[in-house]
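Participant: Required output: the full structure, derived from the provided sequences and hints.
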Amino acid sequence: MKSAQDIILRPVITENSMEGVADKKYTFKVAKDATKIDIKRAVEELFDVEVAKVNTMHVRGRQRRQGYTQGRTASWKKAIVTLTEDSKTIEFFDGIYQ
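Numbers 1 to 98, taken from my numbering, label the letters of the sequence shown in order.
Derived from the structure by calculation, the hints contain no laboratory data. Cβ coordinates follow ideal geometry from the N, Cα and C atoms, glycine included. Keep in mind that a hint or two might mislead.
Below, in silico cross-link-like pairs of lysine-lysine (DSSO-like), each with a Cα-Cα straight-line distance of 27 Å or less [stated by the list, open to error]:
1) K36 / K77
2) K40 / K77
3) K53 / K2
Derived Cβ-Cβ restraints for the label pairs, each shown as a range [unchecked claim]:
4) S3 / Q66: 15 to 25 Å
5) R65 / S3: 12 to 22 Å
6) G67 / S3: 39 to 49 Å
Facilitator: As structure tokens, this is what we get:
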């Protein structure tokens, strides 16, 4: 079984994802083989919060060019985690969102 640090790879910090912080929705880059149940357990373990819902999506790699050569960026999996109303917030995002 994977540890929580192997499932939650990093937070996604974009303008669109920061709009969800007010509604207790947090966005993370997660392992490609992680299930919604794995993600829920990992977030609850790492941040000591209560998760209400987990939405996941696969993000396709985009085609990139650098001069003459071209290739693709890696595909990855994104999870949007919604916390319950009575749960505390994730402190990491509180410092970013002002």
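Participant: Confirm or reject each hint.
Facilitator: Hint check:
1. Restraint check for K36 and K77: satisfied, since their Cα atoms lie roughly 11 Å apart, inside the 27 Å limit.
2. Distance restraint check for K40 and K77: the Cα-Cα separation of roughly 15 Å lies within the 27 Å cut-off, and the hinted pair is therefore satisfied.
3. A hinted pair counts as satisfied when its Cα atoms are at most 27 Å apart, and K53 with K2 qualifies at roughly 21 Å.
4. At about 35 Å, the beta-carbon gap between S3 and Q66 misses the expected band of 15 to 25 Å.
5. Distance hint check for R65 and S3: the Cβ-Cβ separation is about 37 Å, which falls outside the suggested range of 12 to 22 Å.
6. Distance hint check for G67 and S3: the Cβ-Cβ separation is about 40 Å, which falls inside the suggested range of 39 to 49 Å.
Checked against the numbered hints above, the structure violates hints 4, 5; every other hint is satisfied.
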